[in-house]
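Engineer: Chain by chain, the residues run as shown.
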Amino acid sequence: MSASITGTDKVTLTRPSGARTIKNSLAAVYVTLATVLAIVPLASILYSVISKGFHLITSSSWWLQSQRGITPRREGGGLYHALVGTVEIALICAAIAVPIGVLGAIYLIEYARGKKVARAVSFAVDILSGIPSIVAALFIYALFITVFGFGRSAIAVSCALVLLMLPTVLRSTEEMLKLVPDTLREASYALGVPKWKTILKVVIPTAFSGISTGIVLGLARVMGETAPLLILVAYGQGINFSPTSDVMAALPTMINSGRDQAQQMPGYERVWGAALTLILIVMVLNLIARGIARMSKLKEK
Amino acid sequence: MAKRIDVTDVDIFYGAFHAVADVSMTVEPRTVTAFIGPSGCGKSTLLRTLNRMHEVIPGAHVQGSVELDGTNLYAPGVDPVAVRRVVGMVFQRPNPFPSMSIFDNVASGLRLNGVKNKKVLSEAVERSLVAANLWNEVKDRLGKAGIGLSGGQQQRLCIARAIAVEPQVLLMDEPCSALDPISTLAIEDLIGELKEKYTVVIVTHNMQQAARVSDQTAFFNLAAQGKPGKLIEIGSTEKIFSNPDQKATEDYITGRFG
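In the order they appear, the protein sequences are chains E and X.
Sequential numbering of the first sequence, starting at 17, is according to our numbering.
Sequential numbering of the second sequence, starting at 38, is according to our numbering.
If you're looking for bench data, these hints aren't it; they were derived computationally from the structure.
Honestly, I wouldn't trust all of these hints.
What the hints assert, rightly or not - A few chain E residues that face chain X, going by a derived Cβ cut-off under 10 Å, partial list only:
{"#": "1", "residue": "147"}
{"#": "2", "residue": "217"}
{"#": "3", "residue": "224"}
Unchecked claim - Once the Cα atoms are required to be at most 25 Å apart in a straight line, the calculated SDA-like pairs of lysine to any residue come out as:
{"#": "4", "chain 1": "E", "residue 1": "217", "chain 2": "X", "residue 2": "181"}
{"#": "5", "chain 1": "E", "residue 1": "217", "chain 2": "X", "residue 2": "267"}
{"#": "6", "chain 1": "X", "residue 1": "153", "chain 2": "E", "residue 2": "132"}
{"#": "7", "chain 1": "X", "residue 1": "234", "chain 2": "X", "residue 2": "43"}
{"#": "8", "chain 1": "E", "residue 1": "213", "chain 2": "X", "residue 2": "280"}
{"#": "9", "chain 1": "E", "residue 1": "213", "chain 2": "X", "residue 2": "102"}
{"#": "10", "chain 1": "X", "residue 1": "234", "chain 2": "X", "residue 2": "129"}
{"#": "11", "chain 1": "E", "residue 1": "213", "chain 2": "X", "residue 2": "159"}
{"#": "12", "chain 1": "X", "residue 1": "153", "chain 2": "E", "residue 2": "202"}
{"#": "13", "chain 1": "X", "residue 1": "176", "chain 2": "X", "residue 2": "221"}
{"#": "14", "chain 1": "X", "residue 1": "264", "chain 2": "X", "residue 2": "62"}
{"#": "15", "chain 1": "E", "residue 1": "131", "chain 2": "X", "residue 2": "97"}
{"#": "16", "chain 1": "X", "residue 1": "40", "chain 2": "X", "residue 2": "95"}
{"#": "17", "chain 1": "E", "residue 1": "217", "chain 2": "X", "residue 2": "76"}
{"#": "18", "chain 1": "X", "residue 1": "176", "chain 2": "X", "residue 2": "117"}
{"#": "19", "chain 1": "E", "residue 1": "194", "chain 2": "X", "residue 2": "184"}
{"#": "20", "chain 1": "X", "residue 1": "267", "chain 2": "X", "residue 2": "280"}
{"#": "21", "chain 1": "E", "residue 1": "211", "chain 2": "X", "residue 2": "284"}
{"#": "22", "chain 1": "E", "residue 1": "213", "chain 2": "X", "residue 2": "155"}
{"#": "23", "chain 1": "E", "residue 1": "213", "chain 2": "X", "residue 2": "234"}
{"#": "24", "chain 1": "E", "residue 1": "132", "chain 2": "E", "residue 2": "168"}
{"#": "25", "chain 1": "X", "residue 1": "234", "chain 2": "X", "residue 2": "117"}
{"#": "26", "chain 1": "E", "residue 1": "132", "chain 2": "X", "residue 2": "234"}
{"#": "27", "chain 1": "X", "residue 1": "264", "chain 2": "X", "residue 2": "140"}
{"#": "28", "chain 1": "X", "residue 1": "153", "chain 2": "X", "residue 2": "118"}
{"#": "29", "chain 1": "X", "residue 1": "284", "chain 2": "X", "residue 2": "265"}
{"#": "30", "chain 1": "E", "residue 1": "131", "chain 2": "X", "residue 2": "149"}
For each residue, glycine too, the CB sits at the ideal point set by N, CA and C.
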């Protein structure tokens with residue numbers, strides 16, 4: 017019989033020694049403490065935002081009125097103007113970033129997989145995903161306003177956000193397409209289905225929930241970006257639907273416009289209300305993403 | 038409906054690697070031919086060249102000719118997509134499309150090739166599921182997801198999907214290796230029935246299976262790791278399993294090798 021790791025052939029089944037029990041409890045304390053430390057700031061942010069902003073968002077005027085003509089000293093008004101801006105800017109951004117990102121990922125995974133070009137592009141996209149939003153904003157400013165001579169506009173903001181959203185969409189779509197087993201592609205080819213149809217009818221439907229989750233999460237991320245809004249469009253308190261106008265409100269800039277008010281002012285309160293609304297929107301988008309993922313999972317059963 | 042396959046002097050390469058050397062054989066219509074041999078000897082690779090599926094792997098190429106009733110599959114101008122419509126394939130692991138229902142899985146080959154008529158589709162689905170011995174088990178839940186079935190049912194679903202497009206030849210790459218004995222038996226019975234309409238070529242690691250289902254058996258071997266796989270012997274299954282010409286064949290079948 018060969019020697020066991022304890023050096024004898026005898027099997028010991030007693031509880032571990034005292035030193036090991038202490039190490040084990042120490043480790044348990046450390047990991048618990050780290051978790052608590054990570055949660056504390058998050059919980060405190062949520063607490064202050066909800067406690068200071070919740071009473072505002074329960075009124076219908078908050079959702080249906082703008083801040084037009086309302087001074088920081090006055091109560092009332094709402095964030096409809098900022099909501100319009102945020103949704104419009106996000107939709108324009110998505111309309112540009114989603115097709116480019118998804119089609120780009122399809123090219124990289126389905127057509128250029130393993131090739132040098134694909135690896136170079138993936139690497140470049142990884143770098144791009146790390147650029148600060150202010151750099152994206154200044155790049156668009158330099159290109160649109162300095163070089164082309166356009167004015168500031170919500171569209172310019174959307175374009176800056178595209179630079180931030182594109183890498184997220186592209187990378188997440190790439191990962192989801194990679195997860196589709198090659199056996200499914202082969203099964204489709206073996207039925208005499210051409211490659212483009214295989215991608216369209218087999219690969220994308222299989223990866224659909226993952227791709228759309230990536231898109232929604234990417235959208236949630238860029239909705240809170242502030243730097244492009246500050247640089248590329250002016251904040252206005254009125255309602256504006258035109259994305260080409262140089263004045264358009266959005267939630268981050270609404271928060272920014274009220275942040276230097278004195279603490280007791282209603283205008284200061286509205287900052288918290290807007291912050292809470294933004295968090296709610298991001299939360300809803302995350303729930304939608306989870307919903308999409310779950311819906312397609314249920315279908316499998 | 039079924040077609041004859043003539044493989045002549047075929048060499049298969051993956052890039053610079055010579056995977057299969059100098060194979061010639063004939064597969065008669067409405068017969069089952071089994072490919073046996075150790076792993077890495079090129080059985081699956083050769084099978085895949087019969088419908089140009091090896092081309093999915095970058096760098097794979099073929100020399101020699103594979104003729105389907107006299108038409109060379111590797112002649113210039115031949116569309117691999119068209120070849121695969123005529124020569125269907127069932128894979129080692131059941132691979133139903135996870136985004137589709139049972140019905141849609143079976144109908145996928147026709148639908149993706151442009152058939153839209155609902156009546157034609159539902160008739161083809163029923164016919165194929167009946168032929169795959171799966172109809173009675175799934176007829177009440179055609180709208181349910183294909184991957185909700187058991188492994189053996191999934192594999193029969195994949196066979197139904199492959200025969201729904203009415204190919205001339207059906208290639209099977211170890212179709213039972215992921216299945217339990219009962220499901221295996223169901224598939225083997227099915228192969229016996231499919232033979233009446235299709236030319237079937239099956240790769241298997243299971244000697245008894247080859248003996249049970251096939252009319253003709255081809256034994257492949259390779260001299261050493263890294264050397265190309267070769268066709269050692271091909272003949273009627275009865276002869277290969279009782280009185281093979283080559284000693285290597287006998288050794289492999291009886292379990293004396295290495």
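Engineer: Work down the list of hints and note, for each, if the structure agrees.
Structural biologist: How the hints compare with the structure:
At a threshold of 10 Å, the smallest CB-CB gap from residue 147 of chain E to chain X is about 33 Å, leaving the interface hint violated. At a threshold of 10 Å, the smallest CB-CB gap from residue 217 of chain E to chain X is about 6 Å, leaving the interface hint in force. For the restraint placing residue 224 of chain E at the interface with chain X, the shortest Cβ-Cβ distance is roughly 7 Å, inside the 10 Å limit, so the hint holds. The suggested pairing of residue 217 of chain E with residue 181 of chain X holds, with an alpha-carbon distance near 18 Å, which does not exceed 25 Å.
For the suggested pair residue 217 of chain E and residue 267 of chain X, the alpha carbons sit about 38 Å apart, so the restraint of at most 25 Å is broken. For the given pair, residue 153 of chain X sits about 41 Å from residue 132 of chain E by alpha-carbon distance, which is inconsistent with the 25 Å threshold. Of the pairs offered as hints, the one joining residue 234 of chain X and residue 43 of chain X holds, with about 19 Å between alpha carbons and a cut-off of 25 Å not exceeded. Restraint check for residue 213 of chain E and residue 280 of chain X: the C-alpha separation of about 49 Å exceeds 25 Å, so the hint is violated.
The hinted pair formed by residue 213 of chain E and residue 102 of chain X fails the criterion: a straight-line CA distance of about 29 Å is larger than 25 Å. Proximity of residue 234 of chain X to residue 129 of chain X is assessed by CA-CA distance (about 22 Å); at most 25 Å being required, the pair is judged to hold. As the CA atoms of residue 213 of chain E and residue 159 of chain X are separated by approximately 21 Å, the hinted pair is consistent with the 25 Å bound. A threshold of 25 Å between alpha carbons decides the hint, and for residue 153 of chain X with residue 202 of chain E the separation of about 23 Å falls inside it, so the pair holds.
Pair hint residue 176 of chain X plus residue 221 of chain X holds up; C-alpha atoms about 21 Å apart against a cutoff of 25 Å. Distance hint between residue 264 of chain X and residue 62 of chain X is fulfilled; the C-alpha atoms sit about 21 Å from each other, no more than 25 Å. Straight-line distance between C-alpha atoms of residue 131 of chain E and residue 97 of chain X comes to about 16 Å, which keeps the hinted pair within the 25 Å bound. Pair hint residue 40 of chain X plus residue 95 of chain X does not hold up; C-alpha atoms about 29 Å apart against a cutoff of 25 Å.
At most 25 Å may separate the alpha-carbon atoms for a hinted pair to count; residue 217 of chain E and residue 76 of chain X exceed this at roughly 34 Å. Proximity of residue 176 of chain X to residue 117 of chain X is assessed by CA-CA distance (about 34 Å); at most 25 Å being required, the pair is judged violated. Distance check on the hinted pair: residue 194 of chain E and residue 184 of chain X sit about 20 Å apart at the alpha-carbon level, within 25 Å; holds. For the suggested pair residue 267 of chain X and residue 280 of chain X, the alpha carbons sit about 20 Å apart, so the restraint of at most 25 Å is met.
Of the pairs offered as hints, the one joining residue 211 of chain E and residue 284 of chain X is violated, with about 45 Å between alpha carbons and a cut-off of 25 Å exceeded. With a CA separation close to 20 Å, the supplied pair residue 213 of chain E and residue 155 of chain X stays within the 25 Å bound. The suggested pairing of residue 213 of chain E with residue 234 of chain X is violated, with an alpha-carbon distance near 29 Å, which exceeds 25 Å. With a CA separation close to 39 Å, the supplied pair residue 132 of chain E and residue 168 of chain E exceeds the 25 Å bound.
Between the alpha carbons of residue 234 of chain X and residue 117 of chain X the distance comes to roughly 23 Å, so the proposed pair stays at or under 25 Å and holds. Restraint check: the Cα-Cα separation between residue 132 of chain E and residue 234 of chain X comes to about 46 Å, which exceeds 25 Å; the hinted pair is violated. Between residue 264 of chain X and residue 140 of chain X, the direct Cα distance comes to roughly 44 Å. Violation of the 25 Å bound is thereby established for this hinted pair. For a cut-off of 25 Å, the pair hint linking residue 153 of chain X to residue 118 of chain X stands: about 20 Å separates their Cα positions.
Between residue 284 of chain X and residue 265 of chain X the alpha-carbon distance is near 19 Å, which keeps this suggested pair within the 25 Å criterion. Restraint check for residue 131 of chain E and residue 149 of chain X: not satisfied, since their Cα atoms lie roughly 29 Å apart, outside the 25 Å limit.
When held up to the earlier numbered hints, the structure conflicts with 1, 5, 6, 8, 9, 16, 17, 18, 21, 23, 24, 26, 27, 30 and fits the remainder.
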